[in-house]
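Residue numbers (my numbering), protein chains in the order written: chain A, 1 to 348; chain B, 1001 to 1538.
If you are wondering where the hints come from, they were derived from the structure by calculation, not from laboratory data. Because the structure is a prediction, the values reported are computed rather than measured. Each residue gets a CB set at the ideal place from its N, CA and C atoms; glycine is no exception. Keep in mind that a hint or two might mislead.
[Unchecked claim] Computed footprint of chain B on chain A, listed as stretches where at least three residues anywhere in the stretch have a Cβ under 8 angstroms from a Cβ of chain B:
hint, segment
1, 154 to 160
2, 213 to 224
[Stated by the list, open to error] Computed cross-link-like contacts, DSS-like style, restricted to lysine-lysine with a CA-CA straight-line distance of at most 25 angstroms:
hint, chain 1, residue 1, chain 2, residue 2
3, B, LYS1191, A, LYS322
4, B, LYS1205, B, LYS1061
5, B, LYS1499, B, LYS1486
6, A, LYS191, A, LYS322
7, A, LYS191, B, LYS1245
8, B, LYS1061, B, LYS1073
9, B, LYS1255, A, LYS191
10, A, LYS133, A, LYS46
11, B, LYS1073, B, LYS1205
12, A, LYS322, B, LYS1139
13, A, LYS213, B, LYS1255
14, A, LYS171, A, LYS213
15, A, LYS191, B, LYS1205
16, B, LYS1245, A, LYS239
17, A, LYS239, A, LYS226
18, B, LYS1281, B, LYS1073
19, B, LYS1281, B, LYS1191
20, B, LYS1486, B, LYS1497
21, B, LYS1108, A, LYS322
22, B, LYS1281, B, LYS1147
23, B, LYS1386, B, LYS1487
24, A, LYS191, B, LYS1191
25, B, LYS1245, B, LYS1061
26, A, LYS133, A, LYS322
27, A, LYS50, A, LYS65
28, A, LYS46, A, LYS107
29, B, LYS1101, B, LYS1147
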Amino acid sequence: MKRKTAYILLICLTFLCITLCPACSGKKDNNAPLPISHFEPLNEIKAGRKNVYLIIKVMDSSYWKVIVNGARDAGEVLDCNIYYGGTTIETDWEGQQVLINEALESKADAMIIAPDDSIELAADINRIHDLGKPVVLIDTAANTNSFDICYMTDNLLAGQQAAAEMLNQLKRTGHDTEAVLSVGIMVGSAKSQTINERLAGFYKYWTENAPEKWTIISDIMNCNGKVDLGFDLARDFLKQHPETAGLYGTNNGPTRAICGVVKEQSRTDLVVVGFDYSDEMKELIELPEYPASTMLQRQYDMGNLAVGSVMDLLNGDTPPLKFVDTGVVTVNTDTLSDPEVTEVLERN
Amino acid sequence: MKRKAGNVIRPKNTNDEKDISFIKGGRSFYMTLILCLIIFFAAIALLIAAFNRLISRHDQKLSGEICTLMSEKMNSSIEFMTETTHGMASVLSAQAFNSPKDIYNVLKGNTKADYLSVGFIDAAMHIYATPEEMEEFEKWELLETAKVAHPVSMSAPYRSSVFGQPVITLFSDFQYGNNQRGYMFTTYLLKDLQEVAVTESLGDKIEIWLMDANSANTIQCVGADEHATGSWTNAYLTMQNVSRKDVNVYEDWLKRVRNLEDNIGTSYSTSETFYSQYCSKISSLPGWYVVVRIPGDALSATMTAFRTYIFLFLAVLLVVVIVLIGNMYRLSKRDNEMLKSLSIHDPLTGAFNRRAFDLAAEKLLFRGKNSGRSCALIFFDIDYFKQVNDQFGHDAGDQLLIAFCDALRKNFSDTGIIARFGGDEFVVLTEMENIRAIASKLDQTTEDVHAIDLNDDKHEGRGFMISFSAGAANFPDDSADLSGLKKCADAALYETKEKGRNGYLWYSEIGSSAPPKKKVVKKIIRKKIIKKTVKTQD
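Next comes chain B alone, as it looks inside the complex (with noise of 0.2 angstroms):
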């Protein structure tokens, strides 16, 4: 069945983007556009990673100075305390008394005192207290702690019998009698030291502990809970919360505690919070210290806002740029698509031009050469193109080259590249898997060119067979490279031409007698041409 050759008008060749891939590298705008992505959020990940550990090292410095001052201020309360209970020993030295139970007796007259208890103990040793009060002296070893009053002491906290609450007990020494050293205690709810060390900014924040060096024991005095307040736990219980790789400075922290130095610093992650710490000693209580803890968030709450809203703008920011991206894209993708395939495509016939088939071709043969393939290139000419023009017009001249063209990639874009190397000329390299499947692929673009029927709304052109010449060579037998191919398949049309036209030969037949090949469908194509000649011209 005789095809109409196409209008000169091409549609869009459907094979472009597989023409380009041949052309091109693999690497997309989408690629692109990850890659562009990845760089932004390194970029902002290293942005917050700084700004993280500026607000960080801020804090911790500002946190250490916060700590130094609340510990201070703890400190303070404490002397305050027994500064007090010194105060009213001093005055109880200034009386004459007849005996120590009329000091005690003075003493539990004050009813106005801030205190729980007060109490008496005289040169003997023997305590002026209540029965349970006298318990509690046994049970927790006060009197050890009464004797070491040079002028003031304070016990470690502990739970009293009386109050139910951890408590602290002041002693003060005074002289009594003839010259009698005696010691005045006063005790205090171990709340009362929040209540005198509590700040008002930070202060659901601030932890406060007084710490026993010895044990690392500690006992919390101010916490983001009241009710927490006289909880005692360990140091090193609490180093198990510790993150990992702060746990080596936190041990460090508790050593250097543990070797009574003063004023203290450090600062570590747990699985939730950083935090800050410092400790520093009680002047009145040896072996024990004032810890004071802030989280690192406590002070930096402005500024993790204000990195929020840094990491939204960015955010919208990114959402705004790639929908404009895209949008970009999207316009100069279809600008660069026509000019891409004007730029590499014969306008007419939608093949490969000549320079874009090179490049083609350089990628196909190496790709050949690497994976071990062998290959072909094929001259075609098609036969008295010239005559065509002359006696039907160049419009079926180009009816004809996009017939010709379309033959050619039909049988051939599957496997290969297609070229119009100008005028008549074309050129198609094409894998091979042997010589007999080109052969056969051949034989059927004769079959499709002679079906070729030219200005059939005329009539003119019915009846006219096409045929064409054509010069094979093999890659890599006849030649490695794309120059040497050409030249071989030139050399191999040449002799078709020579021969009579209307078929094919390889390089390597080249000198033989052989015929070139041909399948043959019709016969004297030529005589029709030439008898339309003659009519045309009488």
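Bound-form chain A, shown alone (with noise of 0.2 angstroms):
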């Protein structure tokens, strides 16, 4: 008996010092691929057109429905066949990868791909780039200069934008400029570089532009791509500061989750500024009470005008600018009614 638990105890230390070892520790990946959404028809398939691929991120988003029908819209009007497909969360760069290879295989005369990482998939817009294909870029940018158009919120703007809305209505909403005033950060991801340019930009603006007393809270959330994970954030965020009096979503994702806890805990007095107008904070700007705004891109126009950039690229045209800034609009109660935010919440 003794001499089988020295056995036991002499493998335990062992497995133990190898375990503890620093020399001989690494890492192991074991995440499965997440589900991706292949190619499917987006209009009515012609022979003699031209096939366009559009890779996009969240295949169950409103946000990209809305891509999806300014590209199709495109395309009726410029002859074209256009096949979409997307990933689950806008993470999976690898589904994307899968995605690209899928494309090409299936000749396809021009690529128009939103980009779920700007680093990771850089060296597959290469690719395409090099096979001389057209690629135009929508939403994100990505790290090469290989690709023919970009049309996307310049996010760096979009953040000052943002940050400027978030001054804007804490002073509305009657916050001393001399008192100390704080705010809260949420990101969706800490390696989308749309998320990353969003936070400095706002990061950017209010250092230059705030009051001195008013600071960013620097412990910033990160939902990473997970709306529920955002919740659970955003509930012990405002445990452990309840001082905060604003709270900014960098994206989609977070800004749920933000708009979710805000009302489920009746916070009218917390400033909420993000991105996108999802359902959650479509349901805050439509009660007064909330003081709640969002950034709401031009993503019909990004969409629409991509494919008109592939169609011009295929003629043998070469467009003027390689980024092309869409903008945003900035949508609260007040602004709800204005024309031009009409227009782009019909489109949406």
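Could you use the hints to bring the two separately framed chains together as a complex?
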């Protein structure tokens, strides 16, 4: 018995030693691939027309449906076949790699891509470009020069606009510029270029324009693309920082989570600024007691203009610019009936 | 049924281990081995920790120096760009132009330059550039940067609509016409900074950013992934990835940067890597820093490999040592068992010797004292043993002793210890539930002893009945220590002998008129022995 115990202890000790030994440590990635939506025709496929492949970020998303609508409408007008596919979450760049390969195998004439990761997909975009196929980016730029044109929100500027709106709302709701005040931030990913630029833009504008005693809480929440996690993070954050006067969501997921928690806790004292017009944000904006604003991108234009540029490129035209900022409109209770906002909302 | 007495050569006593455990403590070789292994592993862990600390300190110092050099190099590359722009502006200053438009035309005519675009701002702050470039001026407020060019200034990085990439615009003031002050600007790809600053050694490990101290925004210039160049982030978001123990260190570094201190270094761990980080101011871009970061393992790859070899060597050494110790242990265990057995046992009967009995008895009594259980110490003496020796020889005597001990062992070894005190004297110390239980065991022993058949082969001892006398003492009633118990039991034995042998008495019964207790199987054992003696003499 003692001998058995001794052997077991010996094995455990050896195992412990090997496990703890830094020289023997190694990383294992056991993440299973996430499901993706393979390509489907977006409009009626007709022989003899150019085949354009559209790769979006999140298939089951109202935001991306608007982009798809813009592309479909352009496809009808410009007489081309459009196929579209995408991933289930906006950080699954590996899923997009699979889709890029599928599109190339299907002899795509051109591709419109909304990269899930600006850095990780740069090499794939280079590859498409090297094959002489037009590549148009939408929503997010890639860190490469090998694309023809990019239609997106300049997120650094959009982040600045969001910070300006946060300051406006805080002042409008009666916060004293001489009093101490702080706001919190939730991001949807630490790796997304879009999100990082919106964060950087927010910080830039805030540090240059906010009253001296108004600060950003350095504890930045990251929900990693998971709205449920965002809810939990927001609840905990408000518990830990009861002094919070405003919350900023850098993209759709965190904005939904922030809006949900603010509504759940009836925090009419909290200013919410986010992105996109999710149901949660729509509900807050339509209730005048909640000071909420969202930065609405012109995503319909992104999809629509991208198809137009693809056809120009296939016809041999070179666009004058490589980067077109489609801009954002600020939507809040006051601007809800502005014609510009109404037009964007109708398209959305 | 008569039992034949056992052989003189005793088989290994199966009770040896139990007997030994009565004397020695419970710590075994295996426990000692485990203790040694724990000490060994603890020593290895300490060694590795010390080694890691040494590497870490070495890395920190070296990476700090490399960071300093890299930030100086980066600063130099920015200065090189601004000097180029300033040099061009100086050349323009030396020339006479009729109108600002002429200056712009000269600038645009230079097609061999490395910059993406070039232009001119006159004294009235009118911009001479393409319409797209003029839009950039408005969008990114570049005129504000131009105004602080004394003699040069640099814009914060921005994404150019024309080129679709992050760029920087450099401004240099110069004199033209009638002492009018204008600004020349050149736009470069941010990537160009990477090409100037990149170094071949550690090229895929070093990361370099430009950082706005005010907002803590950073834009990457150099990194392991070339596609990451131009990507923005914020240092506070980076801080979320810093390990909890280093968050304060990182935050302190950020505070010092935001307070515009110069040449600030720090080191911290993320969930994956240990980093050294250093920053220095960019002279041409007030409020901006060059930040250089190096992962700790970039410098210590060789040392880390060496550490792995040490660990593997020690692991192999450990296995070899364990195998050798195991073999040595098996050999020494065999010898030790023999020696132990000899040192504590009576070689003839296998019972404890007197010394071993005393040690084991003390332990047993101590246990009894603690648990509150009673014990009985019983002295046995084989009746008329001398005559057996004299009449049937010493071999027969030895056989009798063995058989007698076996009888004792059979009845008492489950609850006690048995010893031979010398000659035909045996002693048993046994735990006792009650006197009746001991009496029952003594009766059974009497029966077993009576059944011993001497020299069955020669038929010389057949028909002779062996008996014993015994004296018992009760612990703790009669005495609470071993020495006292022995005296009591000895007195009881003496009394039994005095009262005719072949029986036993408790110490408490001494002085009573009652005869020794006995289980009567056959009477007149003595007569048979005497009869045989007479025959032999004849």
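Results for each hint:
no., hint, verdict
1, 154 to 160, "holds (count 3)"
2, 213 to 224, "holds (count 5)"
3, LYS1191(B) x LYS322(A), "holds (17 angstroms)"
4, LYS1205(B) x LYS1061(B), "holds (17 angstroms)"
5, LYS1499(B) x LYS1486(B), "holds (20 angstroms)"
6, LYS191(A) x LYS322(A), "holds (23 angstroms)"
7, LYS191(A) x LYS1245(B), "holds (23 angstroms)"
8, LYS1061(B) x LYS1073(B), "holds (19 angstroms)"
9, LYS1255(B) x LYS191(A), "holds (24 angstroms)"
10, LYS133(A) x LYS46(A), "holds (20 angstroms)"
11, LYS1073(B) x LYS1205(B), "holds (16 angstroms)"
12, LYS322(A) x LYS1139(B), "holds (16 angstroms)"
13, LYS213(A) x LYS1255(B), "holds (16 angstroms)"
14, LYS171(A) x LYS213(A), "holds (13 angstroms)"
15, LYS191(A) x LYS1205(B), "holds (19 angstroms)"
16, LYS1245(B) x LYS239(A), "holds (23 angstroms)"
17, LYS239(A) x LYS226(A), "holds (20 angstroms)"
18, LYS1281(B) x LYS1073(B), "holds (12 angstroms)"
19, LYS1281(B) x LYS1191(B), "holds (20 angstroms)"
20, LYS1486(B) x LYS1497(B), "holds (16 angstroms)"
21, LYS1108(B) x LYS322(A), "holds (21 angstroms)"
22, LYS1281(B) x LYS1147(B), "holds (20 angstroms)"
23, LYS1386(B) x LYS1487(B), "holds (24 angstroms)"
24, LYS191(A) x LYS1191(B), "holds (20 angstroms)"
25, LYS1245(B) x LYS1061(B), "holds (20 angstroms)"
26, LYS133(A) x LYS322(A), "holds (16 angstroms)"
27, LYS50(A) x LYS65(A), "holds (22 angstroms)"
28, LYS46(A) x LYS107(A), "holds (15 angstroms)"
29, LYS1101(B) x LYS1147(B), "holds (20 angstroms)"
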